[in-house]
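Student: The residues making up each chain are set out below.
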Amino acid sequence: MQLTRLQKILWAAAGLALLCYGALLLFEKPVPAPQVEAPFRPTFTLPDADGRLRSSAEFAGKHVLVFFGFTNCPDVCPTTLAEVAQVMDDLGDRADQVQPLFISIDPERDRKLGLDEFTAAFHPSILGLAGDAAQTSATADSFRIHFAREDDAAAPDGYSMSHSPSLYLIGPEGDWLRQFTYGTPASEILADLQSRL
Amino acid sequence: MKPIILSAFLALTAVPAIACETVTAGDLTIDHAWSRATIGASRPAVFYVEITNAGAADDALLGIATTAAGMPMLHQTQVTDGVASMPHALSVPVPAGQTTALAPGSYHGMLMRLTNPLKEGDSFPASLTFQNAGEVTINVEVLSMRAEGPTCSHAGQ
Chain E
1 MQLTRLQKIL WAAAGLALLC YGALLLFEKP VPAPQVEAPF RPTFTLPDAD GRLRSSAEFA
61 GKHVLVFFGF TNCPDVCPTT LAEVAQVMDD LGDRADQVQP LFISIDPERD RKLGLDEFTA
121 AFHPSILGLA GDAAQTSATA DSFRIHFARE DDAAAPDGYS MSHSPSLYLI GPEGDWLRQF
181 TYGTPASEIL ADLQSRL
Chain V
1 MKPIILSAFL ALTAVPAIAC ETVTAGDLTI DHAWSRATIG ASRPAVFYVE ITNAGAADDA
61 LLGIATTAAG MPMLHQTQVT DGVASMPHAL SVPVPAGQTT ALAPGSYHGM LMRLTNPLKE
121 GDSFPASLTF QNAGEVTINV EVLSMRAEGP TCSHAGQ
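Heads up: the protein sequence lines correspond to chains E and V, in order.
Quick note on numbering: the first sequence equals residues 1 to 197 in the UniProt record's numbering.
Quick note on numbering: the second sequence equals residues 1 to 157 in the UniProt record's numbering.
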């Protein structure tokens, strides 16, 4: 069968279209991005109640449970610290592998009210840290958490604090491992830690 | 000496905890009224309670008054987009046929300007004002700072 000139052109065009389509399919596949995301390592340098600077590097080798709060907080903070205290008790002889931290997001007032007596009332192992405004902001930024002062005429001193209420778990190499959202039962936190220690 | 030993003995054997006492007012049953011990009196304390409305009409808790604090207020912990705040609650709904809990992470009374530090084992009266049931007074038990709620033998909690 002789193809007419027009038929030849049409067949060639069809072939070309097919090739183009195939090429498109091949090259359109997104090139997988290299999955070497740097580990998220939040850091801090903050004074403890005695004014000594404590930094994240000091806790290398331990699992660190971090809570951001304020001591004037009647509900969320005591509830979470009570859970942390329970976890520390239940860890038994492995408790020394875990360092719980209470980082004040209302540091000026908390230093006045007393940081150590507050943390100690829940558990002696909880270390309270309260920096100045710049140190506190730098720490919150590093942990990617939010806190803000909320003006409230009815609150003590005319303000209250809003804050991320989760507990954060930092690993022995300083890597952010996970968060426990507010209200996670102590038994769940304990089981998670026990699986890692 | 003897009365001291006797009262200590009685304190230890006082099995039905105050927080497990039940007060009724009309269709409302109120129990599990508790608070946490405080360090000194400069930080606000908390008030938790459970209210069961067995009636057919909704009620609402409008306010709280107590001799333990100069400025008690109803608050609600809200977690929005991962941030917790604690706005003032004008009233706490107590719907018909339901149990409403002022509980950790939810509605609670915030007891500001404490008269005295709250000590574990102490109790203080609190008057709750309801829209329909009126005023009801209940004894609030002060539990430890680490308490997550009272342990009562009866149902609930």
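Check each hint, because a few of them may be wrong.
Sample of chain E residues at the chain V side, in silico, Cβ under 7 Å [to be verified]: (1) P74; (2) A82; (3) L113; (4) E117; (5) A121; (6) P124; (7) A154; (8) P156; (9) Y159; (10) S162; (11) L169; (12) G171; (13) T184; (14) S187; (15) E188.
Source of the hints: derived by calculation from the structure; they are not laboratory data.
Idealized CB from N, CA, C, for every residue including glycine.
Student: Can you name, in rising order, the numbers of the hints this structure does not satisfy?
Tutor: 6, 9, 11, 12, 13, 14, 15
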